[in-house]
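The listed protein sequences correspond, in order, to chains A and B. Letter 359 of the first sequence, counting from 1, is numbered 359 in this note's numbering, and no numbers are missing. If you want this note's numbering, it's the 1-based position in the second sequence plus 403.
Rather than coming from a laboratory, the hints here were simulated on the basis of the structure. Each hint should be verified, as a subset may be incorrect.
Listed below are the simulated DSS-like cross-link pairs for lysine-lysine, each with C-alpha atoms no more than 30 Å apart in a straight line [claimed, not checked]:
1. B:463 <-> A:122
2. A:27 <-> A:278
3. B:525 <-> A:20
4. A:126 <-> B:463
5. B:423 <-> A:126
6. A:27 <-> B:430
7. A:55 <-> B:529
8. B:463 <-> A:20
9. A:241 <-> A:55
10. A:27 <-> B:525
11. A:60 <-> B:525
12. A:278 <-> A:60
13. A:55 <-> B:463
14. A:241 <-> A:122
15. A:60 <-> B:463
16. A:55 <-> B:423
Model, not experiment: these values are computed from the prediction.
2 protein chains.
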Amino acid sequence: MPLIVQKYGGTSVADVNCIKNVAQRVKATRDQGNSVIVVVSARSGVTNELINRAKSLNAKPDDREMDMLMSVGEQETIALLSIALHSLGVPAVSRTGAQAGILTDNTHTRARIISISGGDIKEQLKAGNVVIVAGFQGSSGDGHITTFGRGGSDLTAIALAGALNADSCQILTDVDGVYTADPRVVSSARKIPEINYEEMLELASSGFKVMQSRAVEFAQKYSIPFEVRSSFNQQPGTIVKEEVTMLEGLMVTGAALDRNQSRITVSDIPDQPGTAAKVFKALSDKDIIVDMIVQNIGRAGIANISFTVSRDDAERAELAVRQCMTEKGSDDFISITNIAKISVVGVGMRSQPGAAARMFEALAQQSINIIMISTSEIKISVAIEPEKADEALRTVHTAFNLG
Amino acid sequence: MPLIVQKYGGTSVADVNCIKNVAQRVKATRDQGNSVIVVVSARSGVTNELINRAKSLNAKPDDREMDMLMSVGEQETIALLSIALHSLGVPAVSRTGAQAGILTDNTHTRARIISISGGDIKEQLKAGNVVIVAGFQGSSGDGHITTFGRGGSDLTAIALAGALNADSCQILTDVDGVYTADPRVVSSARKIPEINYEEMLELASSGFKVMQSRAVEFAQKYSIPFEVRSSFNQQPGTIVKEEVTMLEGLMVTGAALDRNQSRITVSDIPDQPGTAAKVFKALSDKDIIVDMIVQNIGRAGIANISFTVSRDDAERAELAVRQCMTEKGSDDFISITNIAKISVVGVGMRSQPGAAARMFEALAQQSINIIMISTSEIKISVAIEPEKADEALRTVHTAFNLG
């Protein structure tokens with residue numbers, strides 16, 4: 001009997017009616033002759049509610065206690081879904097992360113999976129039960145509850161699918177797959193039937209919000225294919241795997257837009273070895289993720305460095321840089337500008353040159369100014385003015401014939 | 404260093420402000436030079452909310468899944484209280500029932516404690532930590548979460564105090580002790596400084612709602628003294644233990660009122676062996692607890708049986724009796740009447756006769772009619788009209804000089 005792992009996110013189990021809907025879908029999947037493992041998140045809003053309660057008691061709550069606290073969200077959902085399945089006559093049992101044998105290190109709130117025994121899941125499946133596993137959580141070797149950080153339920157689903165050799169792993173969410181561009185911005189955007197891990201990862205880091213990179217990286221590392229599809233309809237979604245059917249001549253698979261970026265420019269710093277290192281060490285010490293970096297040399301011996309960060313991190317980044325540059329006399333050597341980032345992603349770039357040229361040309365024709373550029377083997381990203389973001393995405397989408 | 408176990412109920416941890424208040428009290432107890440274990444319930448309302456959610460999915464939710472579900476209430480509170488204590492500079496760690504080594508049988512939703520290892524609690528106390536344990540829950544031998552039923556957090560506190568040889572166990576609640584009668588009804592009621600287990604048990608079964616009998620029975624069985632006191636002030640409460648200082652001549656310790664009773668009368672049944680057995684077997688099969696029972700013989704060969712049950716059970720009880728008496732032709736052989744129950748409790752009754760006479764006389768002088776009577780070695784209960792309940796309680800309270 002084929003084994004399917006289905007993961008339902010917080011919006012899919014938001015209230016009892018949503019949970020009834022998920023129960024119906026799980027029943028249908030089982031009725032088609034499959035063994036089913038279901039991974040669920042906390043009801044949407046619950047995790048934030050718990051975090052707010054904790055923060056109103058303590059501005060910097062302890063990580064171990066936050067894991068104890070946040071893990072209750074998923075524990076509630078697994079029990080409710082199990083109870084809902086029973087009322088449809090479907091035998092089901094719930095398992096916490098610990099009970100599913102998900103062993104992690106003890107880095108609370110961002111634990112890493114060490115191994116998955118599966119607990120008694122195989123036994124339960126053999127007995128005909130649907131097994132419902134709490135996403136986002138595991139247990140450290142010494143028996144403490146750990147969590148994986150935001151989006152961790154995807155990781156649970158993919159890791160379980162890998163550990164138990166599932167025939168299919170479905171990430172059910174509120175979008176119905178991966179598109180060539182955000183369909184709310186680009187009306188001609190198409191759903192991509194298949195995409196490989198690298199492209200998915202580049203899209204995830206480029207503003208495509210459906211999945212956290214971490215779950216995709218895990219899937220890539222252990223070659224676990226999965227499908228992103230909607231929990232609200234029955235359409236096939238996008239399959240993410242190692243080898244995808246290449247369409248001859250397709251250079252770019254998709255384009256992504258991230259509106260939520262800031263550029264920080266540090267001016268008039270001495271152009272000497274170690275200066276850039278000092279700046280980025282200060283940022284990494286504060287766990288601030290830097291995306292694009294550009295360094296210009298201006299007048300003799302003086303350099304400017306610009307880099308982009310998530311807009312949420314911009315103020316903290318500015319402060320970190322100021323603190324490591326105390327020798328600067330004046331205050332006005334740092335500026336923050338809001339920007340948007342447009343990226344095109346495609347493994348086809350490896351074999352076909354000219355993607356960058358085509359992208360820059362298309363943007364130039366629309367008089368969209370490129371502020372910064374960053375490239376990887378399969379991605380080209382440019383920073384532009386936020387006001388031009390939608391137009392730029394449509395332009396690039398057309399330029400690469402993605403519609 | 405003395406070890407104190409404190410238990411805070413749901414109303415004491417209802418919201419973040421209440422939790423801050425509890426954290427302050429725990430800190431004060433620790434600052435006085437004590438080691439502290441804190442047992443907490445779910446925030447008041449949370450357990451009912453979870454039950455309602457489950458019942459809206461399934462009229463008869465599975466017991467194992469209900470335990471998985473309900474245990475999250477306490478798990479939330481232990482994490483929040485720990486986080487609140489940290490913000491006061493008090494080192495604290497939370498432990499679920501399973502982590503505290505509370506091993507139970509697998510009777511889900513009403514599990515019985517088999518043993519308590521304490522997990523790493525002693526180690527944590529030695530390291531200077533306050534240890535916060537989730538009340539109401541444990542773990543079965545095969546690793547499933549179990550709960551003890553309503554009021555189960557008291558049981559957790561008393562059982563932990565016994566297992567870890569605590570010097571004191573405080574049940575902190577919204578009343579400040581056990582009174583000679585409900586002070587809202589009897590203005591001259593006094594707080595009882597000490598009471599023994601048997602009296603406490605008789606009061607618990609007589610309408611005194613502070614604690615479930617089960618926790619008191621456990622305390623009695625293992626001779627674990629505890630104190631019932633208020634979480635909202637610093638007054639000493641009532642100490643419950645085996646041997647209490649007897650006041651010479653005190654026949655009755657307290658009087659209790661239960662307004663929430665119904666009398667069911669089954670008329671005209673054949674006066675032959677097995678009839679009463681059949682009726683009460685039918686009730687016990689439905690888990691209906693019967694309190695007082697009276698049987699009268701009327702005309703030759705015909706008997707009437709009256710018994711009292713909690714008003715919530717009255718309809719189910721009537722149905723159970725009808726179903727076991729199908730041979731009765733007519734429908735009107737059963738009647739339900741609302742009644743109130745007044746009880747006086749005191750170990751002094753064992754050595755001093757005349758308590759019943761004094762109680763009946765006092766009620767007669769006030770023209771309060773006694774409908775039914777039931778007695779144990781240390782308790783006398785009478786059923787009366789609900790309209791006379793308050794007056795009857797005051798009358799009895801005065802008759803035994805309890806003011």
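Evaluated hints:
Annotation: proposed proximity of residue 463 of chain B to residue 122 of chain A holds, straight-line Cα distance about 27 Å (limit 30 Å). Distance restraint check for residue 27 of chain A and residue 278 of chain A: the Cα-Cα separation of roughly 57 Å exceeds the 30 Å cut-off, and the hinted pair is therefore not satisfied. Of the supplied pair hints, the one linking residue 525 of chain B and residue 20 of chain A is violated, its CA atoms being roughly 45 Å apart against a limit of 30 Å. As the CA atoms of residue 126 of chain A and residue 463 of chain B are separated by approximately 25 Å, the hinted pair is consistent with the 30 Å bound.
Annotation: proposed proximity of residue 423 of chain B to residue 126 of chain A is violated, straight-line Cα distance about 48 Å (limit 30 Å). Note on residue 27 of chain A and residue 430 of chain B: the hinted pairing is violated, with a Cα-Cα distance of about 51 Å set against a maximum of 30 Å. Of the supplied pair hints, the one linking residue 55 of chain A and residue 529 of chain B holds, its CA atoms being roughly 28 Å apart against a limit of 30 Å. The hinted pair formed by residue 463 of chain B and residue 20 of chain A meets the criterion: a straight-line CA distance of about 15 Å does not exceed 30 Å.
For the hint pairing residue 241 of chain A with residue 55 of chain A, the CA-to-CA distance comes to about 40 Å; that exceeds 30 Å, so the pair is violated. Restraint check for residue 27 of chain A and residue 525 of chain B: not satisfied, since their Cα atoms lie roughly 47 Å apart, outside the 30 Å limit. The hinted pair formed by residue 60 of chain A and residue 525 of chain B meets the criterion: a straight-line CA distance of about 27 Å does not exceed 30 Å. Restraint check: the Cα-Cα separation between residue 278 of chain A and residue 60 of chain A comes to about 27 Å, which is no more than 30 Å; the hinted pair holds.
Proximity of residue 55 of chain A to residue 463 of chain B is assessed by CA-CA distance (about 37 Å); at most 30 Å being required, the pair is judged violated. Annotation: proposed proximity of residue 241 of chain A to residue 122 of chain A holds, straight-line Cα distance about 25 Å (limit 30 Å). For the proposed pair residue 60 of chain A and residue 463 of chain B, the alpha carbon gap of about 42 Å is over 30 Å, so the pair is violated. Under the criterion of a C-alpha separation no larger than 30 Å, the hint pairing residue 55 of chain A with residue 423 of chain B is consistent with the structure, at around 12 Å.
Consistency with the previously given hints fails for numbers 2, 3, 5, 6, 9, 10, 13, 15, ordered from lowest to highest.
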